[in-house]
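Kindly produce the complete structure, drawing on both the sequences and the hints.
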Amino acid sequence: AQSVAQPEDQVNVAEGNPLTVKCTYSVSGNPYLFWYVQYPNRGLQFLLKYITGDNLVKGSYGFEAEFNKSQTSFHLKKPSALVSDSALYFCAFNFGNEKLTFGTGTRLTIIP
Amino acid sequence: NAGVTQTPKFRILKIGQSMTLQCTQDMNHNYMYWYRQDPGMGLKLIYYSVGAGITDKGEVPNGYNVSRSTTEDFPLRLELAAPSQTSVYFCASSYFGSTNEKLFFGSGTQLSVL
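Chains as they are written, first to last, in the numbering used here: chain A, 1 to 112; chain B, 1001 to 1114.
I should point out that these hints are in silico values taken from the structure, not numbers from a laboratory.
Every residue gets a Cβ at the ideal spot worked out from N, C-alpha and C, and that includes glycine.
One thing to keep in mind: the hints can contain errors.
Stated by the list, open to error - Heads up, simulated BS3-like pairs for lysine-lysine below, C-alpha to C-alpha not over 27 angstroms straight-line:
| no. | chain 1 | residue 1 | chain 2 | residue 2 |
| --- | --- | --- | --- | --- |
| 1 | B | K1057 | B | K1102 |
| 2 | A | K69 | B | K1102 |
| 3 | A | K58 | A | K99 |
| 4 | B | K1044 | A | K77 |
| 5 | B | K1102 | A | K58 |
| 6 | B | K1014 | B | K1044 |
To be verified - Computed, partial: chain B to chain A, Cβ under 10 angstroms:
| no. | residue |
| --- | --- |
| 7 | P1008 |
| 8 | Q1017 |
| 9 | S1018 |
| 10 | M1019 |
| 11 | K1044 |
| 12 | A1052 |
| 13 | Y1095 |
| 14 | L1103 |
| 15 | F1104 |
The following block contains the structure:
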């Protein structure tokens, strides 16, 4: 089955350090890739998306993601973590239709 | 500036009961979606709608029904609730669809079926 995988359930990063949240995809064709974030007791919020073009995508709150076709990855990154970045992060994909499929999520904790 | 509003926030049902989860948006969005979020499983699409009068199945539609009589409202109906439907339900909307722009999510309904 076509899917995205988030191999780490939990990621801990010290405040001020760079952070990476990993996502790999197992789909045929050319998927559209997304990152969403969920803060406690809130709905998901959009961070960024990759459809085509530049492999480095910049998004909200200083986040960026790098699309790597050879490694089938779409990792989320930020150069300097803030405590307020602590949240649940979801990678997702679709093929230009409405059936957006989400990964299982990675809980990011930024340690002061 | 309400955005996407879901009611109720919490509900406990007994097995076999029915209920409707309400979702309304005030952004004049064409597209609306229902997702469920199970622990460790990510979000799964139940149903979606591309406009008033048009609905389509997502990944996990069994046990649910939807209708879209207006642009603003997209209720989700659970008939004969089962423990497997215990989950957090999220409604979302967008104007141009989930590929062309971001989805706006409601704050969720936590449902327990006992």
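- request: Below or equal to 27 angstroms on CA atoms is what counts here, so check A:K58 against A:K99.
  value: 23 angstroms, holds
message: Need the status of pair B:K1044, A:K77: alpha-carbon distance at most 27 angstroms?
response: Holds. B:K1044 to A:K77 sits at ~25 angstroms (cutoff 27 angstroms).
- request: Please work out if B:K1014 and B:K1044 have their alpha carbons no farther apart than 27 angstroms.
  value: OK: B:K1014 and B:K1044 at ~23 angstroms, within 27 angstroms.
task: So, B:M1019 near chain A? Judge it on the closest CB pair being under 10 angstroms.
output: Given a least distance of 20 angstroms, the restraint on B:M1019 is violated.
Pair hint outcome, B:K1057 versus B:K1102 [Cα-Cα no greater than 27 angstroms]: Satisfied, since the Cα-Cα distance of roughly 20 angstroms is no more than 27 angstroms.
query: Against chain A, is B:Q1017 within 10 angstroms by beta-carbon distance?
result: 25 angstroms, violated
message: Just to be careful: measuring from the Cβ of B:Y1095 to every Cβ in chain A, is the smallest value less than 10 angstroms?
response: This hint is violated: B:Y1095 lies away from chain A, its Cβ roughly 13 angstroms from the closest one there, beyond 10 angstroms.
message: Min Cβ distance, B:P1008 to chain A: is it shorter than 10 angstroms?
response: 14 angstroms, violated
Interface hint for B:K1044, Cβ within 10 angstroms of any Cβ on chain A: 8 angstroms, holds
message: Hinted pair, alpha-carbon criterion (27 angstroms max): A:K69, B:K1102. Please report holds or violated.
response: 23 angstroms, holds
query: Is the interface hint for B:L1103 satisfied, with its Cβ closer than 10 angstroms to some Cβ of chain A?
result: It holds, given that the least Cβ distance between B:L1103 and chain A is near 6 angstroms, below 10 angstroms.
query: Does the structure keep B:K1102 and A:K58 at a Cα separation of 27 angstroms or less?
result: 14 angstroms, holds
When held up to the earlier numbered hints, the structure conflicts with 7, 8, 9, 10, 12, 13 and fits the remainder.
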